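2 protein chains.
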Amino acid sequence: MENSILDLINNHRSIRNFKHQSLSDEEVKTLVTAAKKASTSTFSQQYSIISVTDQEKLKEIDKITGNTHWMLSSGHYFVMVADQYRNLKIAERAGADPYILKTADKLLASVFDAGIATENLVLAAESMGMGATIMGSILNDSNKMIGLLDLPKLTFPLLGIAVGYPETIPEIKPRMPETLQHFTNGYQLDDQIGNWLPIYDDQMAKYYASRSTNSRQENFSNHIVSELSRNRKLRADLLENIVSQGFDVDGISK
Amino acid sequence: MENSILDLINNHRSIRNFKHQSLSDEEVKTLVTAAKKASTSTFSQQYSIISVTDQEKLKEIDKITGNTHWMLSSGHYFVMVADQYRNLKIAERAGADPYILKTADKLLASVFDAGIATENLVLAAESMGMGATIMGSILNDSNKMIGLLDLPKLTFPLLGIAVGYPETIPEIKPRMPETLQHFTNGYQLDDQIGNWLPIYDDQMAKYYASRSTNSRQENFSNHIVSELSRNRKLRADLLENIVSQGFDVDGISK
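From first to last, the protein sequence lines stand for chains A and B. Residue numbers 9 to 262, in my numbering, belong to the letters of the first sequence in order. Residue numbers 9 to 262, in my numbering, belong to the letters of the second sequence in order.
Fair warning: there could be bad hints in the mix.
Note that the list lumps identical chains together, so a pair holds whenever it fits in one copy or between two copies.
DSS-like mimics (lysine-lysine), calculated; alpha carbons at most 25 angstroms apart, straight line [unchecked claim]: (1) Lys37 - Lys27; (2) Lys37 - Lys181; (3) Lys152 - Lys110; (4) Lys67 - Lys27; (5) Lys181 - Lys67; (6) Lys27 - Lys214; (7) Lys67 - Lys37; (8) Lys27 - Lys71.
Don't read these hints as lab results, they were simulated from the structure. Just so it is clear, the structure is predicted and the values come from calculations on it, not from any experiment.
Whenever a hint applies, use it, and build me the whole structure from the sequences.
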């Protein structure tokens with residue numbers, strides 16, 4: 009099956025090399041509008057979007073996310089924020105008990121909302137000839153992000169999105185075979201992994217070896233194993249920071 | 009700005025009334041492929057998709073999600089699953105320490121992955137003339153969902169997606185004004201809410217009163233307040249069930 013939307017979705021690649029061209033206010037508004045049209049859990053619209061245009065703040069975010077610098081040349085930078093604070097204000101105005109907003113369930117709903125809206129924003133940008141990279145690496149120092157963006161209680165920074173017009177367009181990264189990721193009526197990986205993982209590892213080895221930039225010897229299994237060896241202190245404060253922001257996720261015994 | 013993708017995104021509504029028409033295998037494959045093309049955190053592809061076609065299991069999910077029955081007439085039902093189990097198997101095959109996979113950070117990465125892929129799947133369906141509703145209500149009994157889908161450790165059910173050809177198409181639900189949800193360089197709700205929330209409440213009151221089905225007296229503030237009064241026991245086992253699945257999110261003091 010083919011149509012222009014499937015084409016767009018199926019040709020996605022993350023863009024990390026941008027033309028030096030800032031997005032216009034109208035372009036930013038179009039992207040934010042698209043994000044806001046996404047489904048939202050219990051229609052609670054429990055996330056916010058922060059545009060970061062201040063160069064000093066962008067440099068701080070670049071430090072937090074690994075000093076890669078490419079994000080500084082993007083055309084616009086968004087941060088998606090889990091947000092139960094707005095609903096807390098609504099509760100306060102109505103004199104209602106806000107307890108539910110602090111639960112793990114509502115935090116998760118905020119993460120769903122933000123993730124779903126993020127993809128709308130990315131696809132909207134791609135439909136306008138731009139590209140984007142979603143950056144979970146802002147969580148390398150969530151506490152600093154909270155300070156940098158003046159985030160109140162019951163909010164939490166989740167994802168950065170660097171958007172802009174691409175200078176170069178990389179190859180599409182092959183995803184794993186469907187048989188390893190899509191099951192029917194129950195989880196059935198164990199029957200599949202022995203046969204299919206080696207096939208995918210070969211495919212990824214060819215991709216990594218032949219790609220035009222940053223080519224290297226690697227396959228999917230190696231990639232996952234190297235991710236496992238990262239510094240355990242990185243993001244070890246994540247739950248502590250979530251709790252500091254007022255969410256009750258610090259103990260199941262409560 | 010206009011293009012066919014922005015049109016699609018901006019005309020989204022959740023569909024809860026489906027024609028009795030099952031999706032073909034090719035349609036399902038097209039949707040799964042679109043989901044898999046989405047960005048994935050650290051390229052770890054840490055989610056899985058389970059198609060539920062067994063009528064008995066669908067009836068169980070209908071019970072869990074509130075006995076609304078409309079999901080039973082959808083053309084296909086997907087469940088998005090946070091999945092670090094596959095990467096655990098890769099770690100085991102390589103003799104690597106899987107500790108990192110159990111962290112809150114990796115659980116969150118799984119939720120990002122699943123949320124982003126969910127929106128690709130929904131938009132792909134809409135581009136093919138179908139509609140969908142994303143159902144967080146599967147978390148009403150996450151433990152039962154785990155049993156029903158044979159989910160192994162380091163996996164967790166997140167969202168159901170009912171997809172099908174729409175029998176009727178509801179009105180678009182107005183989202184809150186941008187000024188309440190999009191900020192620049194820092195969080196700035198407090199200056200905006202007093203002026204803009206009443207305007208949005210009026211807009212939503214008109215929407216709820218005039219919509220073609222399920223019209224009622226309600227505005228956005230009322231809606232949030234009624235959400236706050238729900239039974240506290242509902243989903244109170246969420247964190248406990250996440251921990252039972254092997255994720256280390258049961259205490260910040262560890």
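Lys27 and Lys71: within-copy, between-copy, both or neither at 25 angstroms Cα | within (21 angstroms within a copy, 52 angstroms between copies)
Same-copy or cross-copy closeness of Lys37 to Lys181 [CA-CA at most 25 angstroms] = The answer is between: 19 angstroms across copies meets 25 angstroms, while 30 angstroms in one copy does not.
From the Cα coordinates, with 25 angstroms as the cut-off, is the pair Lys152 and Lys110 best called within, between, both, or neither?
-> both (22 angstroms within a copy, 24 angstroms between copies)
Between the shortest in-copy and the shortest cross-copy C-alpha distance, which are at most 25 angstroms for Lys67 and Lys27: within, between, both, or neither?
-> The answer is within: 18 angstroms in one copy meets 25 angstroms, while 52 angstroms across copies does not.
Quick one: Lys37 to Lys27, C-alpha cut-off 25 angstroms, is that within a copy, between copies, both, or neither?
-> Intra 20 angstroms, inter 36 angstroms, cutoff 25 angstroms: intra-copy only.
Given identical chains, is Lys27 near Lys214, meaning Cα to Cα at most 25 angstroms, within a copy, between copies, both, or neither?
-> So Lys27 and Lys214 fail the 25 angstroms test inside a copy (29 angstroms) and across (44 angstroms) alike.
Lys181 and Lys67: within-copy, between-copy, both or neither at 25 angstroms Cα | neither (29 angstroms within a copy, 38 angstroms between copies)
Checking Lys67 and Lys37: alpha-carbon separation at most 25 angstroms within a copy, between copies, both or neither?
-> Answer is within; shortest intra-copy Cα gap is 24 angstroms, inter-copy 42 angstroms.
Consistency with the previously given hints fails for numbers 5 and 6, ordered from lowest to highest.
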